[in-house]
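Listed below are the residues making up each chain.
2 protein chains.
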Amino acid sequence: MEKIYASLVTIGDELLIGQTIDTNSAWMAQRLNEIGIWVQRRVAVGDDRDAIIRALEEEGRQSHIILLTGGLGPTADDITKPVLCEYFGGRLVQNQEALQNVLHIFESRGLALLERNLEQAMIPDVCTPIFNKRGTAPGMWFEKDGKIYVSMPGVPNEMKGMMQDYVLPQLQQRFQTPALLHHTLLTAGLGESFVAERIKDFEAALPAHIRLAYLPSYGILKLRLTTISPDKLTAGAELKDAFGKMRSLLTDIVVADEDLPMGVILGNTLLAKKLTVGTAESCTGGEIASRITAVAGSSRYFKGSVVSYANEIKRDVLGVQQATLDRFGAVSEETVREMAEGALKVLNTNCVMAVSGIMGPDGGSDEKPVGTVWVAAGGKGRIAARRYHFRYDRSRNIDMTTVAAMNDLRKWLEL
Amino acid sequence: MEKIYASLVTIGDELLIGQTIDTNSAWMAQRLNEIGIWVQRRVAVGDDRDAIIRALEEEGRQSHIILLTGGLGPTADDITKPVLCEYFGGRLVQNQEALQNVLHIFESRGLALLERNLEQAMIPDVCTPIFNKRGTAPGMWFEKDGKIYVSMPGVPNEMKGMMQDYVLPQLQQRFQTPALLHHTLLTAGLGESFVAERIKDFEAALPAHIRLAYLPSYGILKLRLTTISPDKLTAGAELKDAFGKMRSLLTDIVVADEDLPMGVILGNTLLAKKLTVGTAESCTGGEIASRITAVAGSSRYFKGSVVSYANEIKRDVLGVQQATLDRFGAVSEETVREMAEGALKVLNTNCVMAVSGIMGPDGGSDEKPVGTVWVAAGGKGRIAARRYHFRYDRSRNIDMTTVAAMNDLRKWLEL
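Quick mapping for you: the protein sequence lines, in order, are chains H and X. Here this note's numbering is used: the first residue of the first sequence is -6, the next is one more, and so on. Here this note's numbering is used: the first residue of the second sequence is -6, the next is one more, and so on.
Read the hints as simulated data drawn from the structure, not as lab findings. Don't take every hint at face value.
Unchecked claim - In silico EDC-like cross-links for lysine to aspartate or glutamate, where the CA-CA straight-line distance does not exceed 16 Å:
id: 1; chain 1: X; residue 1: 193; chain 2: H; residue 2: 108
id: 2; chain 1: H; residue 1: 338; chain 2: X; residue 2: 309
id: 3; chain 1: H; residue 1: 153; chain 2: X; residue 2: 100
id: 4; chain 1: X; residue 1: 126; chain 2: H; residue 2: 386
id: 5; chain 1: X; residue 1: 215; chain 2: H; residue 2: 70
With the sequences and hints as input, model every part of the structure.
What follows is the structure in structure tokens.
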């Protein structure tokens, strides 16, 4: 069975000057993989006719499916539609459904309609329009020399709606795809090269169609097994078997058997144990709480947090003793333990995470350099505290501290 | 003066299956723009020999500078170095400085050294090695047919170190670049097409070498002016003049004269007014606080937060009356006002933001559908409350609410 290749093309100068980070491509790649389509290239080009046409030509030579996002807005810098119309040799005609959609959206939001908004309903006569239930710009499905080209808005939820309602089902119908499966093991506590050393015989014995990839990510090491096999029936079982073998070599450092965010992993553990959680955060400034509450349904186990950035809040809200702050400082085992105990009382939860550290770039000392962090995790009468030292910039130090605290509580819950 | 073009090539299957979001490219593009180099393409390819070589050929045809990241780790899936060695016709030899660096890193971290770690010090004899002060994998600088190819690790802080210490200074010496300047105006409160309508004469009158781009982003509309001019002396003044003209047409909706994160914009306002701030967050779960504390030095104005996800916390920690929650519900003007008043007392700050809403996917009702949010912002005796309705998915609803709350407080501070 032929392997089906896709290219993702994002259009917009903002992607080239670093003003916007492309999060669409990751979501699109995941959905395409689920239906057995392999994304072999991702390309970002500017709002420039020649660059867009060159990308259409190059990707059209290499992939069966070319998915484009961006440049469909109502303003002068949005040129994707006319360029596609030119490339595929069509002319712009008014689309009734798209027109009704534009009118409906402006009416329902009580906005005055402008000429440029009506132009959103003009579509090349050589494409199949794709309805946009969340915005005014319709998507466009073109076919040329047996290749499929789909243009969608760059607005994430508009693109996602079109992909789910139309593009993915259509592609699934059109292509006979092989099974394309990933299974990722999350580990923590052992470096990439040491893990590789421990499982090198396993890795060497893998069949050619199963690949192992190592992805270090904020204190977590992801080990991803990928198989591409024409036999959908055996592929899953075979991957499961390989995954089991790998896992058995790493039981002491396993965090999860799936590539889930720490917020979900921790949430599932708390749900299973029917426990509630809260946080007392200094240096992470609410990041741990926001990771937990990013998960739908987190209200079943998360009650709240005290972000005690100022020592005054540590003392007055969490009940940390002034003497403790004076004697040991805000970044100390004694302080995070009192923060945790205070949070257990104030938030009335079964368990908590408390963190205090120096994220940088300033605030470090010889004794406590930037990156020094104390984490306390646990419940009433049993709190584990641990010191970390991260060597990164402020934002990465905050991420590392957040993951470390969540993983510490996860380990505490497993005991 | 010739325009200098760069291509950014990221290598790694994780970028193609959507397991990793590429944040390196945005940072690299910003730094290159600062020295007058235009990034015309960003390409992501997998850990695959043919795909990497094809990218080297294609980008080498189109750009003067090709910057590659990723695939330099110590594990079997990291193939960038051998592929580059083959492409540029060299052989791998041991580099003394790199070897000393590997030994030093493992020694200082008290880790046992493995053969595969020593291999990190092997470098093609046809490249100039780039020292990696933050990791074991050295960078590599190749030149072929007058084009420059630089390979760096995908680990963000390692790549950044090499760019700042070596790559950017070298490129600046090598190329005569034009002035490449951006100036972005942040606005809020008027839709993209209405803003475009209001400034269409201004836009039409812009000289050809100044481009205007519209970037809607979470309730903020960014208007970016970009100029590329050989005359470094006049370019800045000319852009400043155009920016002033544009701004004068939009004074009523201006948020900031620079493309800064809301956390920085709000922080600067608080610093200028010498005021302290805190938050009382329900549906954002600490996201507002984490945005504020992402800014270095935020401890000068941020004291803390109460994340009151459970009504019990709203009542017991923030002092919201049970009667208010019973009668009006957690998502109501009355509740967010009492949350704000409570936070002002508990956190003892000059001003606060309080938010409560339904982020979805569940929890909506006919009366209060998903996306319904109440925001209160203000200080003692003067609190402004406002209702929003966002129509996105959970994560985007949280982002929209966060930006809306910070912008509401910013406006309150301007009064």
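Consistency of the hints with the structure:
1. Only pairs whose Cα atoms come within 16 Å are accepted, and residue 193 of chain X paired with residue 108 of chain H is accepted, the gap being roughly 13 Å.
2. Between residue 338 of chain H and residue 309 of chain X, the direct Cα distance comes to roughly 11 Å. Compliance with the 16 Å bound is thereby established for this hinted pair.
3. With a CA separation close to 48 Å, the supplied pair residue 153 of chain H and residue 100 of chain X exceeds the 16 Å bound.
4. Using a Cα cut-off of 16 Å, the hinted pair residue 126 of chain X and residue 386 of chain H holds, with the two alpha carbons roughly 14 Å apart.
5. For the suggested pair residue 215 of chain X and residue 70 of chain H, the alpha carbons sit about 13 Å apart, so the restraint of at most 16 Å is met.
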